[in-house]
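Here are the chains, one letter per residue:
4 protein chains.
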Amino acid sequence: MSAGHRMKLSSFEAVQRKYKAIFLDSFGVIKNAHGIIEGVVESVKHMRSLDKEIIILTNDSSRSPKELAANFHRLGLELVDEEDIISSGMMARAFLRNKIKKGTIVYVGTPGSSFYVQGLGRPTVPINDLDIDQIEEVSALVFLDDEGFEWQTHINKCVNLLRLKSIPVIVANTDNTYPVSTREVNIATGAIARMVEKISKKKFIYFGKPDSQMFIYAYERLSKKIRVERNEILMVGDTLRTDIMGGNKFGMSTALVLSGNTSETQMRTYIKSTGIIPNYICPSIAID
Amino acid sequence: MSAGHRMKLSSFEAVQRKYKAIFLDSFGVIKNAHGIIEGVVESVKHMRSLDKEIIILTNDSSRSPKELAANFHRLGLELVDEEDIISSGMMARAFLRNKIKKGTIVYVGTPGSSFYVQGLGRPTVPINDLDIDQIEEVSALVFLDDEGFEWQTHINKCVNLLRLKSIPVIVANTDNTYPVSTREVNIATGAIARMVEKISKKKFIYFGKPDSQMFIYAYERLSKKIRVERNEILMVGDTLRTDIMGGNKFGMSTALVLSGNTSETQMRTYIKSTGIIPNYICPSIAID
Amino acid sequence: MSAGHRMKLSSFEAVQRKYKAIFLDSFGVIKNAHGIIEGVVESVKHMRSLDKEIIILTNDSSRSPKELAANFHRLGLELVDEEDIISSGMMARAFLRNKIKKGTIVYVGTPGSSFYVQGLGRPTVPINDLDIDQIEEVSALVFLDDEGFEWQTHINKCVNLLRLKSIPVIVANTDNTYPVSTREVNIATGAIARMVEKISKKKFIYFGKPDSQMFIYAYERLSKKIRVERNEILMVGDTLRTDIMGGNKFGMSTALVLSGNTSETQMRTYIKSTGIIPNYICPSIAID
Amino acid sequence: MSAGHRMKLSSFEAVQRKYKAIFLDSFGVIKNAHGIIEGVVESVKHMRSLDKEIIILTNDSSRSPKELAANFHRLGLELVDEEDIISSGMMARAFLRNKIKKGTIVYVGTPGSSFYVQGLGRPTVPINDLDIDQIEEVSALVFLDDEGFEWQTHINKCVNLLRLKSIPVIVANTDNTYPVSTREVNIATGAIARMVEKISKKKFIYFGKPDSQMFIYAYERLSKKIRVERNEILMVGDTLRTDIMGGNKFGMSTALVLSGNTSETQMRTYIKSTGIIPNYICPSIAID
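Residue numbers (the numbering used here), protein chains in the order written: chain W, 900 to 1187; chain V, 900 to 1187; chain C, 900 to 1187; chain R, 900 to 1187.
No lab work stands behind these hints, which were simulated from the structure alone.
Think of the CB as a built atom: it goes at the ideal place given N, C-alpha and C, for glycine as much as any other residue.
Some hints here could point you the wrong way.
[Stated by the list, open to error] Listed next, the in silico DSS-like pairs over lysine-lysine satisfying Cα-Cα at most 25 Å (straight line):
#, chain 1, residue 1, chain 2, residue 2
1, R, Lys907, V, Lys1100
2, W, Lys1001, W, Lys1102
3, C, Lys1056, C, Lys1124
4, W, Lys1101, R, Lys1101
5, V, Lys917, V, Lys1000
6, V, Lys917, R, Lys1001
7, V, Lys1001, R, Lys917
8, C, Lys1101, R, Lys1100
9, W, Lys1102, C, Lys1101
10, W, Lys1102, V, Lys1097
11, C, Lys1100, R, Lys1101
[Stated by the list, open to error] Covered stretches of chain R, going by a simulated chain C footprint (3 or more residues, C-beta under 8 Å):
#, region
12, 985–992
13, 1054–1064
14, 1091–1097
Please construct the entire structure, taking both the sequences and the accompanying hints into account.
Dropping the structure here:
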C-alpha cells in the first residue's frame, strides 16, 4: 500500500485468481442504472467456474436482498442469489429491531426500500404521508433511498421534524453518489442525509461501508462455508471512500474498478489527494 | 461578550435607542414566508421617527434589491427603499463581472434571482435548460435560490456538470435555512450548494454574511450619509452563524431575535454549544 | 431513545442489575490521571459478586492489555485481568499485520505504546528518531499515544513526512480528549491525528470506538463464555461521540457516566445538540 | 478561470507587467525560515523601478508591521516599509478594541506577537503564565503565533480554559502551515486553533486571508495613493486556500507561486481537486 507503482491498470482476471473469495460492490461494479455492466455476466460465470466464493456487499438499501437478486436475474445475471447479497439496510434493520422499542418509524425512500423498516412490530410511515403537525408518536427517522419522495417538499419536512423533535436518525446507505452510466452519477441517500444532519446539528447513525460492520458480517457468513483468512479475500469496488477504505481497514486486499463512480482521470487525483490506496486498479471486472 | 448574563431577553425598543444605525437581516427579522412579521411595520416607523439609519443586509438573492423593496411595499412595509437593501447577490454579481470574462454562466434559481447574473455581457442559462451533453461553453455555475428548479433532477445535473468540467462555482447565499413560519424553516441555497460542494470535492466561492464583505459594503454606504463608528451600529439577525458571527467579527454590536431560524428553546443550547454570543437577545424587533 | 425523560440521573447499581454483561470504558469511567475513580473498586467487586461479565473496551493504546491490567492492579483494582481488556490498539495491530508487508513502521507515542507495532516482522522507529531525510524505507505512520514525543517538533515532522511520501496512516485511538481529573482533560491522540490529517489532506484509517469493530470483537469474545444477546449488554462510557454512539449503533443499551469527559452541565447541552441519546445517565459507576 | 490551459508555468516578470499594483503574501513568496527567497530582492527592486505599487498581505501575526519591516531590512530586503505591510493581526486587534471592553485577554504566541493584544487598555496574559484556577477575569483567548509556548502543556491549557469558561476566541492567523524551506513546512496557528475549536465544539472568530476584510483594507489604503480597479491588481501567494481563493473572491487576478507551501507536483492535484484556479502559476517571483 504505497501510492507509487499501483497507478497502472491490472487485468481483473489475473487479480482474482490470487484470492479464495471475492466481495463485490453492486452499483458501479456489477450494474448501473442502464443494467448489468458489460462483461460482468461472463466474469461472474468465470469466477464461479474457478470455485471462487462471491458475496455482494452493497450500500444499496432500495430493495430487500430477495428483490435485489430477482432484479439481477431479470437483468440477465443468474448466478447470484439472495443469500449472496448483504446490504447496509440489513445492518440498519438489526439496529432498529434492537433499539426502537416504541413509537412510529418514519422512513425516506421507495415502497421497495421500506422492507428494511417493516415487520419490526412498529408502525411505519413514509415521509410523504407524515403530517408535520402529528408527530407525537414518531420515535425514529430512517433514510433508505434517494427516490420515492419529492425532494424539495420532503427533505424540508425532515429538517422540520428534527427541529420539533429530538429522535434518533438512522441512515441505511452512507454513499454520496451512485453511477447511472459511465459518464453520470446520481446523488445517493448518504449525501442527502448528511445535508440534513449538518442543518440539524445532530449526529446521525450511519450503516454501510466503510464501517467494519458489513465486512465482519460478510466474513462471518463466508467462514461458515469455507476456511478463509481476511487476506485471502479481495474487496472490489468503484468508490475509494467506502469500498476501498473499508476493505483496507478490515485487512482484505482491495481492487478499485473504473466502471462506476471513479473515472480513470479522477482516479490519480483522488488516490493522491486522499491517500486511500487500493492494492489493484482494474478497468472493470470484465475478463477480456 | 461572555455567555453568562446575556441569556435573558431585552426589549428591542430599549436596545435600538443606543445606536445611530440599525442593520437588519430580512428573513426571520422583517418577514417570513407568510408576510411581514407582526409589529415590524410599527417598529420600522418608530426607528425612522428617531432618525435611525436603517440598512437591510440579506443573504436573500431570490430577487433584485428593487424587487425586494417592491415586495416589502406590497406586503405593507413602506419605509424601506431599494437603496436601503444590500443583498449577497450584489457581491456575487460584482465577482462575476470581474472574473468571468468569457463563456456561459449557468445559474440555479428562479427567473427573479437571475437578475444577479444578467446584464454582465455573458450568456446565461438556467440549470433547467442546460443540456449536460452541451457544456463546452459553460464557464461558471452560480447558486442563487432554492426555488425555480426541480431539486432531484437539477441538483443531480449540477453534480454531473462539475464531474465533467472544472469551473468556478459561486454561491450567492450562504444560509442553511430560512424561516417560513414561527415553527418551520425551509432549506436555503447555501445548504444545497454545500452538499454539491462536498460531493464534488471542490471549493466553492461563497458570498454573504458572515463574510466581512457585505458588512464593509454597508458600512461604506452608510459612511457617505453620516459619520458613524462601527460600535455605533447594531446588527440584528435571527441566525447565530451568519448575522451574529458576522456582526461580532466586524466590530458592531449584535442582537439575536427569536422570530426566525432560532427559537427560544434552541437559543440557549446553540449559544452555549457554539460560543457565538450576541450582545442582546430580543423576542423580535416589534416594539411592545 | 428519545431525549425527553432520560435527562435525569439513575443509580448505576440499579441499572447494571438489568444486564448480563457490562462493557466499561476505561478513562473517565474506571480511572483518570490521578488513579482509580472513587467507588470503582467496590463497584467492580459488587458486579463480580452478581456474576456480571465485565469487559473493558478502551481507545487507550498507550500500553498493551497486559500492562493496562498490571497498572489497574498497581492502582488497587485487582478484579480485572489482561483477557478482560480490549484496546483499539489491538485492532490497529491486526490491520498492520495484514496490510503492511514491507518497509519500516514509524510510530507516534511512548515506548509502552510501541507494543502495538512491534513483533510484526517490520522494523519500527519512533517519530523522535526519524530522520526526515531518510524516509525511503518508511511504509506506514501510526498514531498510538499523545505522550512520548515533543509535540511541536514531532507533529511538524509527521506533517512533513506525509508531504514527502504517500503512505497509509493508522490511528489507534479516535478520542479527542481524556480526563485527567474531574475538572480537566488532556488532548488525546485522535485529535492530534485529525489535525495532521486535515493539514495533509489525506484520509487516515481510524481504529476504536465508535466503529463497530471493537464492539463486535468484544461481543464475540463474550459469546464464547456465555450465551448473550446484544440488548442484554450495557455499554458504559463518559463520551457521547465514541462510547454512547458506538454502543447505540451496535444495539446495546448505553449508560453515560459523568465522572470523565462530560460534566453534568455539559451533558444536557451535548445530548440535545448532538442527538446522541444514552439509555441511562449515572453520576459514575460507584454504588452509593 | 478554467482549469485547462493554466497548468503551465508563466514568467513572473511578464505577468506583473500587466498590473498597476502587486499584493504579495510574505511566507513562501518573499521569505521562508531561512531568509529572503532567492531572487526576491532583485524582483522587488525591478517592480519598484517600474513604479508598481507593492503591498504585503500576510497572515503572519508573529510581529508588528514595524518589526516585520525591520526584519525584512535585516535580511537584506530594503525596499519594503512598515506602511507597505498589512497583517491579519491588525484586523484581530481592531476587533479586540471594539468588542472586548473588560476583563483580561489571554494570548497564545511569542512576546513579539503580543503587540496585537497590547495597548488596548486591557490586561494581557500569555497562556504560559495563566493559572487555570484563576480564570474569573479572563474575557477572551487570542491565538497569535505557533511559537512562544510549550505545545503539549499550553494547548491542553487552552482546551481546559474553554471547558471552564465560555468566552470569545479570536484567531489572528487562519493558515494551516508556513514554509520553512523549499522542502518543509511548519504547522501554523490556524491549524492549532482549529484543533482546539473542534475539541471545544465552539465557533472561533478567524481573521486573515481568504476573508475579504484584509483585501478590502489593502485596497482602501492603495486607493488613497492611486486610482486603481480591482482587476488591475495581482495577488501573489503560495497557498490556494487563502491567497488564491481570497484574491479570486475579491475580484483581483491571482498568481500562485511554487516557492512555498505548494510544490509543483502538488499543484496539479490540488487545483484539480479543489477547483481553486489561479490566473497564473509562476515558479517564484524571481525575475530570471
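Verify the proposed pairing of W/Lys1101 with R/Lys1101, using a straight-line Cα cut of 25 Å. holds (15 Å)
Is the coverage entry for the region 1054–1064 of chain R by chain C consistent with the three-residue Cβ rule at 8 Å? holds (count 6)
Given hint V/Lys1100 paired with R/Lys907 - CA-CA distance at most 25 Å: Measuring from Cα to Cα gives roughly 23 Å; hence the hint holds.
Restraint check for W/Lys1001 with W/Lys1102, where alpha carbons must lie at most 25 Å apart: Answer holds: W/Lys1001 to W/Lys1102 is near 21 Å, not above 25 Å.
When you check the alpha-carbon spacing of W/Lys1102 and V/Lys1097, does it fall within 25 Å? holds (17 Å)
Straight-line Cα separation of V/Lys1001 and R/Lys917 no greater than 25 Å? It holds: about 19 Å lies between the C-alpha atoms, which stays within 25 Å.
Given the hinted pair C/Lys1101 and R/Lys1100, is their Cα-Cα distance within 25 Å? Distance of about 23 Å is within 25 Å: holds.
State whether the coverage of the region 1091–1097 of chain R by chain C holds or is violated, taking the criterion as 3 or more residues with Cβ-Cβ distances under 8 Å. holds (count 4)
Given pair status - R/Lys1101, C/Lys1100, alpha carbons within 25 Å: At roughly 23 Å apart (the allowed maximum being 25 Å), R/Lys1101 and C/Lys1100 satisfy the hint.
Can you confirm whether the C-alpha distance between C/Lys1056 and C/Lys1124 stays at or below 25 Å? Roughly 45 Å separates the two Cα atoms, so the pair is violated.
Verdict on chain C covering the region 985–992 of chain R, where coverage means 3 or more residues with a C-beta closer than 8 Å: Check failed, 0 qualifying residues.
Need the status of pair V/Lys917, R/Lys1001: alpha-carbon distance at most 25 Å? holds (19 Å)
Violated hints for the displayed structure, listed by number in ascending order: 3, 5, 12.
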